[in-house]
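The whole structure should be built from the sequences, with the hints applied where relevant.
Order-wise, the sequence lines are chains A and B.
For the working numbering, count along the first sequence from 1 and bump the result up by 24.
For the working numbering, count along the second sequence from 1 and bump the result up by 179.
To be clear, the hints were calculated from the coordinates, so they are not data collected in a lab.
The reader is advised that the hints may include incorrect statements.
Sample of chain A residues facing chain B (criterion: CB under 7 angstroms; computed from the structure) [claimed, not checked]: (1) Val207; (2) Gln222; (3) Ala236; (4) Tyr240; (5) Thr277; (6) Ala278; (7) Lys279; (8) Ser295.
Here are the simulated distance ranges between beta carbons [to be verified]: (9) B/Ser485 x A/Thr307: 48 to 54 angstroms; (10) B/Ala383 x A/Glu319: 40 to 46 angstroms; (11) A/Pro46 x B/Thr459: 54 to 60 angstroms.
This structure is a prediction, so every number in the text was calculated from the model and none was measured.
Every residue gets a Cβ at the ideal spot worked out from N, C-alpha and C, and that includes glycine.
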Amino acid sequence: MVEVTNIRREFALPRHSLFAAPRRVVAVDGVSFSISRGDTFGLVGESGSGKTTIARMLLKLDLPSAGSVRFEGSDIFTQDRRQERIYRRSVQAVLQDPYGALSQRMQIGSIVAEPLRVQGLPRGEALAAAGRMLEAVGLGADTLNRYPHQFSGGQRQRIAVARALSVEPKVLILDEPVSALDVSVRAQILGLLREMQQRLGLTYLFIGHDLAIVKYMSTHVGVMYFGRIVEIGPASALFGRPLHPYTRKLVATAKGRQKLGEVRLTGEMPSPLAPPSGCHFRTRCAFAAERCAAEAPVLSELKRGHSVACHFAAELPEPA
Amino acid sequence: MTSREPPLISTTGLGVVYGKGANPVRAVADVAFTVLAGEIVGIAGESGSGKSTLCAALIRALPRAASLSGEVQYGGRDLYAVSPGELRRLRQRELAMVLQNPMTSLDPMFTIGDQLTEVLEVRDSGGDLRAKGIALLRRVHLTAPELRWSQYPHQLSGGMKQRVLIAMATASAPRLLVADEPTSALDATIQEEILLLLRDVRDAHGTAVIIVSHDLNALRRVCDRIVIMYAGRVVEDGPTEAVFSAPRHPYTRGLIASLPHLEDNDIVLSSIPGQVPDLTRLPDGCAFAPRCTDVLPTCGLQQPLSSGAGHRVFCWMAEVSS
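Put into structure tokens, the structure is as follows:
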């Protein structure tokens, strides 16, 4: 359904002076993954690891410096206007902040109907469809004439889901959709997303930092560190037996059984201006050796469908 | 913890109401709690539970629209009776805070370096302020601290800004540090470092730390004591391990049950049924009663009283069963 091949995104930084060499930051560095129809691909990694940059490229809000993204077999960056229109309708997003995502001055009905209006539907029909969509996400029909400030965070996120689904998309990009919500409300929104996926056969890209939630939502997961995918595989295998030293740290921290300070990621975060040679993680890795500085490890399949980018993944001791 | 030691900060019958007229919002009601010097206390609850308002009240930082009742004692004095000059001195030297929104807490017109220098100057540390500032930024694990020094807030991510704010708050050795959701914008591995940093500040200077968070897992890892709030009131207050291993209030039990566990093969997400109550129309009795599975006739009529000494709970059912 979605096939991302070797995408790269560099950003140019402002120069110190007119004559200084241009400085570049690589936000996404040779990332590949694919999502099958009806599946959810989870992306985890620290802030600045490139997750959102990938989401922006899939939404065509940003162009990759190299590499390709194919949707149902055809490249999304070489579309003509008609194809682009269809693509933009097929791929919708639900973002983190339910307060910033909805215009304060518009009624809920207009907010949910807006994508349909953009697609050329007459106002009356669009509003009727918006009403049906709001009911599908568990909000009453009386919601139509109210304003965003009259709703709680969880309800706003339901409205954002209704708006995304109004144009009958095939893919939803979910960038931290529940991070801003209370624990007891999260379960409701995630349940809604799973229900909608099953009912409508949707394909999801789910970006999150809470590993348990990513595991709950995803069929496959990719772990990003500094713009690269360091480990990718089925969700249960990846979180059950993480292979990369970085994933192991993340999983150990998320389990939270150890005392504070027992599973630390020592060493400084590398500077994006001067990333370490070879493996980006080596500066913080307990198992780093000479080879890690000389040569960047490539993703290779260690177990069925479960790949890791680490020279020593096969030799590392079993995690405690 | 010896009970002989006078508390650093304590409240009696603290209440905060926003707005006037027919439907004021009763954000905090009848809160009595204490924090000892060097203690790390976590305040947990969902949005609207009054935890941020309580914190603002503790450091006399409430907005004008709020009206306060009850008392806040800091170091044996009524905090709301000290003169503006004295309050200013306290804020410069003794009371530090890290607020919830890292996006708006920094001035967009000045570089990170300018803003850190200002803090360091007030705390009259002298010497090479730039070197000290950069050391502070490094201590909170900010990447490329030299580069950040000359950058503006908009050039930093939310997590980076939060770390800058923590660096500013811990620049001197405050006696009380109030951190409102200090780690919720941060990644798990950095969150761990920030929690360690808060604990280090306590260990090094005996600073009392109050951490407000909805993230129970984070609080569990660093706090000596946990206070659970619901609809503006404290519902449970006890030593961290006791609260997690033997929660006494049904709301606390619901919150703990709604935490997903990564180690489970099939992750279960449970939620607490019902809705957070409207703070303008609170019931006479226990505010949690409409969502509670174990309700007595008294629950709907009268506020539950505190029971238990070291581990307090405000629940009629707990009263009956003990």
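Outcome of the hint check:
no.	hint	verdict
1	Val207	holds, 5 angstroms
2	Gln222	violated, 16 angstroms
3	Ala236	holds, 4 angstroms
4	Tyr240	holds, 4 angstroms
5	Thr277	holds, 5 angstroms
6	Ala278	holds, 5 angstroms
7	Lys279	holds, 6 angstroms
8	Ser295	holds, 4 angstroms
9	B/Ser485 x A/Thr307: 48 to 54 angstroms	holds, 51 angstroms
10	B/Ala383 x A/Glu319: 40 to 46 angstroms	holds, 42 angstroms
11	A/Pro46 x B/Thr459: 54 to 60 angstroms	holds, 57 angstroms
In this structure, the one hint that does not hold is number 2.
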